[in-house]
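K.L.:
Quick note, in the numbering used here, the sequence shown goes up one by one and the last residue is 609.
Incorrect hints may have been included.
Here are the simulated PhoX-like pairs of lysine-lysine, each with C-alpha atoms no more than 20 angstroms apart in a straight line [claimed, not checked]:
1) K576 - K374
2) K522 - K462
3) K329 - K347
4) K456 - K432
5) K582 - K372
6) K517 - K374
7) K560 - K372
8) K374 - K527
9) K330 - K347
10) K565 - K575
11) K374 - K560
12) K557 - K583
13) K372 - K565
14) K522 - K372
15) K347 - K445
16) K527 - K517
17) K462 - K517
18) K445 - K456
Derived CB-CB ranges, DEER-like [to be verified]:
19) M324 - K347: 47 to 57 angstroms
20) L313 - G594: 23 to 33 angstroms
21) H335 - E597: 22 to 32 angstroms
22) N361 - Q591: 40 to 50 angstroms
23) A556 - I310: 39 to 49 angstroms
Treat the hints as calculated values from the structure; they're not laboratory data. Using N, Cα and C, we set each Cβ at its ideal position, and we do this for glycine too.
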Amino acid sequence: RREKVIRYSVMGGLALMFIIAAIIFRSLRITRKQKNIIELQKNEVSRQKEMVEQQKKIVEEHQKEIIDSITYAKRLQEALLPPTDYVNKHLPENFILYKPKDIVAGDFYWMEYLPPSPSLLKEGAQGVVFIAAADCTGHGVPGAMVSVVCSNALNRAVKEFHLRETGKILDKVTELVLETFEKSDKDVKDGMDISLLSIQFPSPSERDGRVRLNWSGANNPLLYIPNPANGGTGSEAIEVAADKQPVGKHDNRKPFTTNTISYQPDTIFYLFTDGYADQFGGAKGKKFMYRKMQAALVEINKKPMDEQKKILDETIMQWKGSNEQVDDICVIGIRI
274 RREKVIRYSV MGGLALMFII AAIIFRSLRI TRKQKNIIEL QKNEVSRQKE
324 MVEQQKKIVE EHQKEIIDSI TYAKRLQEAL LPPTDYVNKH LPENFILYKP
374 KDIVAGDFYW MEYLPPSPSL LKEGAQGVVF IAAADCTGHG VPGAMVSVVC
424 SNALNRAVKE FHLRETGKIL DKVTELVLET FEKSDKDVKD GMDISLLSIQ
474 FPSPSERDGR VRLNWSGANN PLLYIPNPAN GGTGSEAIEV AADKQPVGKH
524 DNRKPFTTNT ISYQPDTIFY LFTDGYADQF GGAKGKKFMY RKMQAALVEI
574 NKKPMDEQKK ILDETIMQWK GSNEQVDDIC VIGIRI
């Protein structure tokens, strides 16, 4: 009986040891398998990380190429803008506040000086200056592309077609812009809003010696403030309403109106697009609004032109605060 007990005890102990060994062996296999899975997962994570880094590098390279291309396009667009010296030569008292939303802009300003005919040149005539603030459809790259078309159309209207009336100029520009976009098989409705001023300087032989002003607008009005010393109050802006239609495709189009502006010397004129008034900001995140812009111009109109530009810039930047600039901004001031 004792031998039998011992034999069963030994056999039970061996069986238990075998079971424990099997459990340990199985645990080791599971651990080794889990370790292999972890290694594979780690390798996969590393591979994916490398792929992400490569993709990130590719995206950064493409982004740099795009930004470089747009930056170069900015140089081309700036080449279309009249140089500061050119503007100052023909309009000594002026300022131009120009703030694109992106690297390139849909807003642009345009100026052209046309000398008088040779016969009038002998009499000392000074020719005519055209200046405009324009807002093309969209902003950024699409807006900039439209601005090239519209700027070229303005140049052709005055140089190739020899137009002088501002209304007729905008009619011809509309015709040229539509002609350009009609070549596409797409229904392109792009165009621009514009405020266009014509300044005809007198010759010494003219008795009154008055500068003659014509103005036309597509959706954007003209503001001017007469000097108090010459019959104005200096505290009230006079608005000339624009035609309610753009330069471009529009239903029920009518010829643009040429407005003759009567004024006294030392009057200041403001041409602008809607970007300034439409900027969101302030304590409640609302638009700056046209009326507030008009009040700001009235308040600063007696100051030197450079100071006016600085105040307008500081005002809109303070209003904008941390908000994003919503549109291109262009404001032009001219004292005549």
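K.L.:
Each hint needs a verdict: does it hold in this structure or not?
P.N.:
Cross-check of the supplied hints:
1. K576 - K374: At roughly 27 angstroms apart (the allowed maximum being 20 angstroms), K374 and K576 break the hint.
2. K522 - K462: holds, 6 angstroms
3. K329 - K347: Violated, at roughly 26 angstroms.
4. K456 - K432: Since the Cα atoms of K456 and K432 sit roughly 23 angstroms apart, the hinted pair is violated (cutoff 20 angstroms).
5. K582 - K372: Answer holds: K582 to K372 is near 12 angstroms, not above 20 angstroms.
6. K517 - K374: violated, 25 angstroms
7. K560 - K372: Holds, at roughly 17 angstroms.
8. K374 - K527: The hint is violated at about 32 angstroms.
9. K330 - K347: violated, 25 angstroms
10. K565 - K575: holds, 17 angstroms
11. K374 - K560: holds, 16 angstroms
12. K557 - K583: Outside the cut-off at roughly 24 angstroms; violated.
13. K372 - K565: Cα-Cα ~19 angstroms, so holds.
14. K522 - K372: Outside the cut-off at roughly 27 angstroms; violated.
15. K347 - K445: violated, 27 angstroms
16. K527 - K517: holds, 10 angstroms
17. K462 - K517: holds, 16 angstroms
18. K445 - K456: holds, 17 angstroms
19. M324 - K347: 47 to 57 angstroms: Violated - the Cβ-Cβ distance for M324 and K347, about 34 angstroms, lies outside 47 to 57 angstroms.
20. L313 - G594: 23 to 33 angstroms: violated, 52 angstroms
21. H335 - E597: 22 to 32 angstroms: holds, 24 angstroms
22. N361 - Q591: 40 to 50 angstroms: Distance hint for N361, Q591 is violated at roughly 28 angstroms.
23. A556 - I310: 39 to 49 angstroms: Taking Cβ atoms as reference, A556 and I310 lie about 58 angstroms apart, which means the hint is violated.
Going down the numbered hints, you'll see the structure goes against 1, 3, 4, 6, 8, 9, 12, 14, 15, 19, 20, 22 and 23, while the others check out.
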